[in-house]
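Student: Based on the sequences and whatever the hints tell you, model everything.
There are 4 protein chains.
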Amino acid sequence: MKNIRRIGVLTGGGDCPGLNAVIRAVVKTSIKQGCAVTGIKDGFEGLVKGKDFTFELTSDSVRGILPRGGTILGTTNRGNPFSFKVIENGIETTKDMSGVAINNMKSLNIDCLIVIGGDGSLSIALDFFKLGVPVVGIPKTIDNDLSATDFTFGYQTAVATATDAIDKLHTTAESHHRIMLLEVMGRNAGWIAMASGIAGGADIILIPEIPYDIDKICNKIEDRSSAGSKFSIIVVAEGAKPSGGEQMYLDSGAKRLGGVSQKVADEISAKTGLETRVTVLGHLQRGGTPVPFDRLLGTRLGAEAVRLALDGEFGKMVCLRTPDIKSVTIQEATGVLKTVSPDGDLVRTAKNIGISLGD
Amino acid sequence: MKNIRRIGVLTGGGDCPGLNAVIRAVVKTSIKQGCAVTGIKDGFEGLVKGKDFTFELTSDSVRGILPRGGTILGTTNRGNPFSFKVIENGIETTKDMSGVAINNMKSLNIDCLIVIGGDGSLSIALDFFKLGVPVVGIPKTIDNDLSATDFTFGYQTAVATATDAIDKLHTTAESHHRIMLLEVMGRNAGWIAMASGIAGGADIILIPEIPYDIDKICNKIEDRSSAGSKFSIIVVAEGAKPSGGEQMYLDSGAKRLGGVSQKVADEISAKTGLETRVTVLGHLQRGGTPVPFDRLLGTRLGAEAVRLALDGEFGKMVCLRTPDIKSVTIQEATGVLKTVSPDGDLVRTAKNIGISLGD
Amino acid sequence: MKNIRRIGVLTGGGDCPGLNAVIRAVVKTSIKQGCAVTGIKDGFEGLVKGKDFTFELTSDSVRGILPRGGTILGTTNRGNPFSFKVIENGIETTKDMSGVAINNMKSLNIDCLIVIGGDGSLSIALDFFKLGVPVVGIPKTIDNDLSATDFTFGYQTAVATATDAIDKLHTTAESHHRIMLLEVMGRNAGWIAMASGIAGGADIILIPEIPYDIDKICNKIEDRSSAGSKFSIIVVAEGAKPSGGEQMYLDSGAKRLGGVSQKVADEISAKTGLETRVTVLGHLQRGGTPVPFDRLLGTRLGAEAVRLALDGEFGKMVCLRTPDIKSVTIQEATGVLKTVSPDGDLVRTAKNIGISLGD
Amino acid sequence: MKNIRRIGVLTGGGDCPGLNAVIRAVVKTSIKQGCAVTGIKDGFEGLVKGKDFTFELTSDSVRGILPRGGTILGTTNRGNPFSFKVIENGIETTKDMSGVAINNMKSLNIDCLIVIGGDGSLSIALDFFKLGVPVVGIPKTIDNDLSATDFTFGYQTAVATATDAIDKLHTTAESHHRIMLLEVMGRNAGWIAMASGIAGGADIILIPEIPYDIDKICNKIEDRSSAGSKFSIIVVAEGAKPSGGEQMYLDSGAKRLGGVSQKVADEISAKTGLETRVTVLGHLQRGGTPVPFDRLLGTRLGAEAVRLALDGEFGKMVCLRTPDIKSVTIQEATGVLKTVSPDGDLVRTAKNIGISLGD
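Chains as they are written, first to last, in the working numbering: chain U, 1 to 359; chain X, 1 to 359; chain H, 1 to 359; chain Y, 1 to 359.
These are computed hints drawn from the structure, not numbers from a lab.
Each hint should be verified, as a subset may be incorrect.
Here are the computed lysine-lysine pairs in the DSS-like style, where the Cα-Cα straight-line distance is at most 25 Å [as the list claims (entries may be wrong)]:
| hint | chain 1 | residue 1 | chain 2 | residue 2 |
| --- | --- | --- | --- | --- |
| 1 | U | Lys351 | U | Lys230 |
| 2 | Y | Lys230 | X | Lys32 |
| 3 | U | Lys32 | H | Lys220 |
| 4 | U | Lys85 | X | Lys271 |
| 5 | X | Lys32 | Y | Lys85 |
| 6 | Y | Lys230 | H | Lys85 |
| 7 | Y | Lys263 | Y | Lys241 |
| 8 | Y | Lys85 | H | Lys230 |
| 9 | Y | Lys41 | H | Lys230 |
| 10 | U | Lys51 | X | Lys230 |
| 11 | U | Lys32 | H | Lys85 |
| 12 | X | Lys230 | U | Lys41 |
| 13 | X | Lys106 | X | Lys32 |
| 14 | U | Lys32 | H | Lys216 |
| 15 | Y | Lys85 | Y | Lys95 |
| 16 | U | Lys49 | X | Lys230 |
| 17 | Y | Lys326 | X | Lys338 |
| 18 | H | Lys351 | U | Lys32 |
| 19 | X | Lys351 | Y | Lys32 |
| 20 | X | Lys49 | U | Lys230 |
| 21 | U | Lys263 | X | Lys263 |
| 22 | H | Lys85 | U | Lys351 |
| 23 | U | Lys338 | H | Lys220 |
| 24 | U | Lys351 | H | Lys326 |
| 25 | X | Lys216 | Y | Lys32 |
| 26 | X | Lys106 | X | Lys230 |
| 27 | Y | Lys51 | H | Lys230 |
| 28 | H | Lys338 | U | Lys326 |
| 29 | Y | Lys338 | X | Lys326 |
| 30 | H | Lys326 | U | Lys326 |
Tutor: Structure follows, in structure tokens:
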């Protein structure tokens with residue numbers, strides 16, 4: 001087995017609280033084992049651009065970053081080396097730059113690449129692995145919608161931010177007799193909405209997995225009103241959709257942020273005559289000091305990734321199988337979505353305590 | 001001087017962290033002096049509707065409310081007794097119901113009315129005072145734009161919420177090389193924007209008092225970019241306006257929430273080609289556990305209001321003149337806006353440390 | 001199977017964030033199923049004292065308690081009905097009052113008793129079950145040291161409080177070149193110390209499972225000092241003990257709180273000549289707003305307990321087997337301690353990133 | 001007037017949240033005006049030790065430090081240059097090293113020294129000023145006990161930490177029917193105790209300015225108990241003392257931390273038979289992310305200090321005279337303690353709402 005003397009590490013995709021905790025663990029674990037670490041800036045884009053987009057990661061580089069959001073490596077959603085955007089003869093086109101990336105790794109003496117990223121970045125990592133590049137993956141999705149792991153880092157921080165927002169809206173809703181809607185992340189899965197909605201004491205939670213019926217929502221609001229509660233809190237996952245209807249985010253994402261919750265709010269106003277107010281959390285969910293759960297999970301995943309790398313276990317992705325840190329092949333892990341089961345305990349508990357799922 | 005044996009208390013206008021701290025202080029101070037307290041629900045509307053909208057406030061009623069947002073009395077922006085919305089012969093009209101309100105006070109044995117509210121509610125209180133009703137006012141504006149007092153309760157909590165949001169956006173902006181805009185409250189005055197922008201390390205702050213020039217904003221962003229900082233944080237007061245232009249909120253307020261920051265973002269994108277992201281804090285600024293500063297200030301104002309009431313000092317409004325709690329006549333206090341001086345220390349300091357005000 | 005028309009619920013033992021979330025879920029789930037709920041005050045003591053120590057729990061009783069620490073039922077460590085402290089003929093003695101407790105349940109029409117408590121309270125619940133009383137248990141231990149469940153509610157909140165304290169000490173330790181010790185809970189198991197220590201970036205963590213060698217601790221401190229880090233953060237579980245020595249808390253607990261960390265601090269000062277400072281978190285770990293993880297877990301456990309009760313599944317205790325809520329017999333669950341394995345992933349990861357466990 | 005081309009800056013005395021905000025403002029304001037900044041490590045000790053204890057402060061040096069506790073310059077309570085500890089002929093003695101310090105300033109081309117520190121550090125600054133050294137002072141005391149300024153930075157953060165602790169203890173005290181004591185900072189002045197005690201809803205507050213009578217404390221506890229509140233929260237400033245007695249901290253400070261609150265707790269237990277619990281906040285009050293109020297105040301003070309330096313206004317200390325930033329001579333400012341007036345509004349309000357001051 002080849003001796004691993006230098007590990008490269010990059011972060012890809014959207015921001016996620018805990019990235020720095022992962023990077024710190026990768027660096028500290030590597031150095032303690034006598035292995036050097038090269039940080040690659042701006043995800044795979046940096047790997048293509050090469051030397052100028054890299055720097056030596058030392059113990060000093062990662063001092064103090066544990067409680068900090070963001071990533072000291074920088075990140076981007078662009079820059080797939082297999083389909084890299086380039087300008088040729090004044091025309092923008094895409095080109096396979098994977099060979100350049102692999103040559104860069106060689107000239108930088110990177111023996112193994114640790115990729116911290118979501119489904120997109122891990123698929124790229126897998127493609128490199130298939131070309132013989134030693135890679136290890138660390139899953140990153142704030143939505144917690146990856147089936148191979150119990151939890152992804154960042155998710156609990158997002159839930160904490162969303163729950164804090166519900167707590168804030170609650171007293172205002174009650175004092176002002178208002179219908180307050182909070183839109184949270186979750187394009188394909190309602191994990192953030194379910195967890196924060198239950199933890200925050202929401203009255204109605206709308207998730208992609210359970211299409212909603214606007215009349216059921218209005219009924220719930222009116223039942224509460226009849227019982228003396230002249231306010232309601234509604235948590236809306238951005239991927240929520242009406243029964244028989246479409247998601248609003250399929251193509252253009254961020255541009256229509258807030259679309260679904262505003263639509264629901266307008267329909268409630270029209271049908272009930274009540275005042276509604278919409279708040280869209282957006283990027284606030286991706287930032288800030290990670291909660292201890294995410295710092296610990298990120299640290300454990302980062303340390304395990306280095307152990308895999310040093311053991312030559314390439315093509316693997318680390319994961320949490322409570323209470324243990326395990327690994328699976330990247331092949332198995334990517335593309336398998338974990339969604340909220342309409343028949344599972346979370347939904348049953350929500351309904352048991354009187355929360356409407358809009359169905 | 002008439003002996004005050006029962007005080008009535010109501011909260012009017014928008015939500016504000018610290019209202020419960022004020023109510024608690026009013027109740028505890030009154031009861032300790034042997035004076036009973038009647039809580040009036042839903043602001044002045046409750047005073048018109050009478051007995052069913054009131055309840056006895058005891059030590060038990062206010063137990064545990066100090067750290068809670070909202071108001072246990074409920075509140076509303078509607079219900080001016082001098083111009084009360086009624087349905088007569090099937091037609092909605094307004095009617096002077098101030099006499100009804102005064103009669104209700106009499107039949108409820110309320111000897112003095114403490115009004116916790118903003119400019120609107122205090123103007124109504126003043127109108128009642130002119131009719132001979134014993135009133136004492138406690139100022140409430142989350143925007144901190146009242147000239148008679150150094151600070152209003154709730155303001156520091158709103159600043160804390162806004163600063164926390166900037167902290168969250170900062171690391172993402174930096175990691176993703178993005179222009180992040182945060183819209184905060186402040187229709188007429190930029191106090192929240194200035195305080196949170198400086199405290200959160202914003203690069204650009206736009207306030208109503210200083211009309212902005214979009215080119216100056218773009219220059220600042222490009223200067224930062226040239227110096228290696230490929231991201232910027234912009235805090236936008238909702239009342240910000242372009243040089244020579246109009247505010248976007250003059251009439252329809254909440255409906256166009258997010259309008260000004262989205263407009264600025266779009267113009268930046270168009271002129272610089274950079275990716276922008278807008279977050280609108282909205283109601284999150286009005287909710288949540290009040291910070292200790294606001295709980296203490298609210299408590300001091302509430303206690304002083306009762307002292308004024310018991311001393312027969314009617315028509316007065318309590319205020320903070322650091323480090324003392326004082327009072328002024330409601331007449332003097334209402335309608336005098338306190339705005340951020342373009343030549344004052346706050347703006348000078350912001351500019352000294354390199355923040356652009358867009359001018 | 002007997003129809004369950006009224007459930008009794010009590011909380012026993014020390015305070016734990018999330019108790020109110022559990023109570024709220026028990027009440028809401030019961031009422032939704034048409035079952036009434038009796039709240040029993042002050043744990044098993046209230047069950048012996050009977051009617052005056054009970055009250056009807058309605059939807060109104062549990063409004064707004066989700067984010068609140070403590071327990072609306074009150075709790076105590078005293079009052080085991082099988083060995084109840086009484087005064088007879090002026091002499092304090094203990095007496096079996098279990099029959100009185102059972103009669104009270106009958107006269108209160110309680111068909112099933114839900115006991116939220118730690119090992120002690122659950123053992124009492126088991127004794128009642130053996131006498132034919134329908135009971136369901138919900139585990140509560142802030143130390144997370146119960147083998148039947150992945151996590152207990154309250155634990156993550158305690159970890160968050162401890163991590164926040166480490167964050168606070170960190171910058172001071174660094175600025176002042178000091179050795180800072182933080183004593184956290186964990187008499188028999190080091191879960192809080194391990195999680196907060198890793199999440200907070202501690203340099204040394206001392207836990208009951210791994211006896212420490214004071215020379216190893218001093219070596220670590222001096223190694224850091226030689227490398228330029230003239231400060232260290234040490235997290236000490238209250239049950240930590242020297243190699244070959246005894247725990248300091250075996251008998252008298254709270255009276256010697258802070259004993260072990262002060263002892264370690266004094267020895268470090270004596271051996272290295274460095275300035276040390278001790279902070280003992282104590283009760284701060286048991287209070288405050290529960291983090292969302294604990295509110296959600298508490299809610300799920302409370303709802304499942306009611307489902308078990310209504311299904312006649314008595315003698316069971318609910319538990320988390322990620323991602324599911326399951327149950328085991330109370331018999332199996334009590335008395336089986338879950339401790340940190342010296343060979344497990346948590347300890348391995350800690351050592352990988354350079355943390356000393358003092359061994 | 002001499003042209004100021006380089007400013008030196010140092011931090012002295014205990015840690016205080018907001019120090020980094022001040023340093024950042026000093027650096028950014030200086031650089032914007034074309035003036036360089038030298039950071040001096042470890043307070044005045046670094047000034048004596050010279051070049052190796054200094055480094056260039058650039059925009060990059062202060063990036064990201066605004067929300068961070070501690071000081072990037074390091075600090076210490078030792079190292080008064082006028083009485084510097086040295087070893088001569090193997091014997092420890094003190095020596096006037098002020099000449100060395102002044103020479104170091106000259107050889108480092110420091111035209112003006114900005115000293116951020118408490119009474120001790122500012123007195124040293126004054127001594128240097130009397131020798132002709134251009135100095136500007138920025139006051140730093142977490143206790144807020146300086147008469148020349150309305151507030152010192154760091155104080156509101158300490159109050160927030162203390163209030164959060166009271167919030168945490170409150171629910172446990174209530175659930176367990178306990179007397180909880182919290183010891184906070186304030187050796188000479190009770191500002192932190194008063195603000196956090198009122199904001200946190202304490203029942204009893206003991207401060208240095210008002211000697212306590214243990215019987216009055218017990219009466220208050222028993223009155224509450226009779227009224228149904230079988231718990232009490234007592235906030236104790238570390239400088240609290242019994243009527244006719246002595247402070248416990250006069251000489252040995254930190255060694256007897258927790259002494260006074262434990263003494264009060266023991267006396268309460270002895271006299272009332274009730275269970276008491278003591279928590280000592282200690283260093284937690286000096287650490288952590290500064291609240292926005294302190295970040296803003298620190299920034300304003302830092303910017304003003306540079307303006308004074310550039311204007312040649314030496315021997316001055318910046319201060320807050322709400323709402324303005326002003327300055328006074330260091331001579332006037334040092335040694336004048338600001339204490340809580342027993343007849344002032346804060347104490348009156350506390351008593352009005354039913355808080356006992358133990359007198």
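Student: Are the hints correct? Go through all of them and say.
Tutor: Consistency of the hints with the structure:
1. Lys351(U) x Lys230(U): Holds, because 20 Å separates the two Cα atoms, which is no more than 25 Å.
2. Lys230(Y) x Lys32(X): Measuring from Cα to Cα gives roughly 20 Å; hence the hint holds.
3. Lys32(U) x Lys220(H): Distance of about 14 Å is within 25 Å: holds.
4. Lys85(U) x Lys271(X): Given pair Lys85(U), Lys271(X) holds - Cα atoms ~23 Å apart, limit 25 Å.
5. Lys32(X) x Lys85(Y): Not satisfied, since the Cα-Cα distance of roughly 57 Å exceeds 25 Å.
6. Lys230(Y) x Lys85(H): holds (20 Å)
7. Lys263(Y) x Lys241(Y): Roughly 10 Å separates the two Cα atoms, so the pair holds.
8. Lys85(Y) x Lys230(H): holds (20 Å)
9. Lys41(Y) x Lys230(H): holds (13 Å)
10. Lys51(U) x Lys230(X): holds (20 Å)
11. Lys32(U) x Lys85(H): violated (57 Å)
12. Lys230(X) x Lys41(U): holds (13 Å)
13. Lys106(X) x Lys32(X): The hint holds at about 23 Å.
14. Lys32(U) x Lys216(H): Roughly 18 Å between the alpha carbons, so the hint for Lys32(U) and Lys216(H) holds.
15. Lys85(Y) x Lys95(Y): holds (6 Å)
16. Lys49(U) x Lys230(X): Status holds; Cα separation ~18 Å.
17. Lys326(Y) x Lys338(X): Roughly 20 Å separates the two Cα atoms, so the pair holds.
18. Lys351(H) x Lys32(U): This hinted pair holds, its Cα atoms lying about 9 Å apart.
19. Lys351(X) x Lys32(Y): Holds - the C-alpha atoms of Lys32(Y) and Lys351(X) are around 9 Å apart, at most 25 Å.
20. Lys49(X) x Lys230(U): holds (18 Å)
21. Lys263(U) x Lys263(X): Measuring from Cα to Cα gives roughly 21 Å; hence the hint holds.
22. Lys85(H) x Lys351(U): violated (43 Å)
23. Lys338(U) x Lys220(H): violated (43 Å)
24. Lys351(U) x Lys326(H): Given that 25 Å is the threshold and the Cα spacing comes to 18 Å, the pair holds.
25. Lys216(X) x Lys32(Y): holds (18 Å)
26. Lys106(X) x Lys230(X): Judged against 25 Å, a Cα distance of about 65 Å means the pair is violated.
27. Lys51(Y) x Lys230(H): holds (20 Å)
28. Lys338(H) x Lys326(U): With a Cα-Cα distance of about 20 Å, the restraint between Lys338(H) and Lys326(U) holds, given a limit of 25 Å.
29. Lys338(Y) x Lys326(X): Holds, at about 20 Å.
30. Lys326(H) x Lys326(U): Measuring from Cα to Cα gives roughly 23 Å; hence the hint holds.
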